[in-house]
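Trainee: Sequence:
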Amino acid sequence: MFRPLIALLSLLFVSACFADESISGFVESSAEFHLIEIDGVPFDTTATIFFPETGKVAGQAPCNRYFATQTEFYPWFALDGIGATRMACENLTAESIYFAALEEMTLAEVSGDTLILSNSDGRQMVFVAR
Numbered sequence: 001m002f003r004p005l006i007a008l009l010s011l012l013f014v015s016a017c018f019a020d021e022s023i024s025g026f027v028e029s030s031a032e033f034h035l036i037e038i039d040g041v042p043f044d045t046t047a048t049i050f051f052p053e054t055g056k057v058a059g060q061a062p063c064n065r066y067f068a069t070q071t072e073f074y075p076w077f078a079l080d081g082i083g084a085t086r087m088a089c090e091n092l093t094a095e096s097i098y099f100a101a102l103e104e105m106t107l108a109e110v111s112g113d114t115l116i117l118s119n120s121d122g123r124q125m126v127f128v129a130r
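Numbered per our numbering, the sequence shown finishes at 130, counting up by one with no gaps.
Ranges between beta-carbon positions, derived for each pair:
no., residue 1, residue 2, range
1, T45, I82, 17 to 23 Å
2, D44, M87, 16 to 22 Å
3, T114, T45, 17 to 23 Å
4, E90, R123, 21 to 27 Å
5, M87, T114, 28 to 34 Å
6, E90, E28, 28 to 34 Å
7, L92, E28, 29 to 35 Å
Keep in mind that the hints were calculated from the coordinates and are not lab data. Heads up, the beta-carbon is just placed ideally off N, CA and C, and yes, glycines get one too.
Generate the whole structure from the sequences, applying the supplied hints.
Mentor: Structural data, given as C-alpha cells:
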C-alpha cells in the first residue's frame, strides 16, 4: 500500500522541480515590457524586455536587439551572456545607460502589467507591458 504512495509522491516531487520558475513563468509569454524609468528618471527613448521561454530574455535596447539567459529563479534576477547586435545610432549613450542598469539588477517583481527590476543599492527600472 505504501509503495504506490511513495512512487506517486516521488513523481510529484520530480515534476515540481521542472516548473518554470524564471520570470517567463510569471508573465504572459507575449508580453513585451517597455522601460518607462530608471531610478525615478523617465527614460525618453525606447527600450523593451520580454521573456520568450524558460530562462530566456530578449528585447530592444535604444539601438540594438539583445538576448541573454536568466540564471536566477524569480524573484531573483541575474543575466548571463548578454549579446546584442552592433548597430550604431544617435541613442548609443542611452543604450549604454540601459545595459549598465540592467546588469546591476538582482530582483524582479511582476504585478499586473508592471515589471520592476531592482537591486539592494536602491536602483530600480520600471517597465510596463504594452
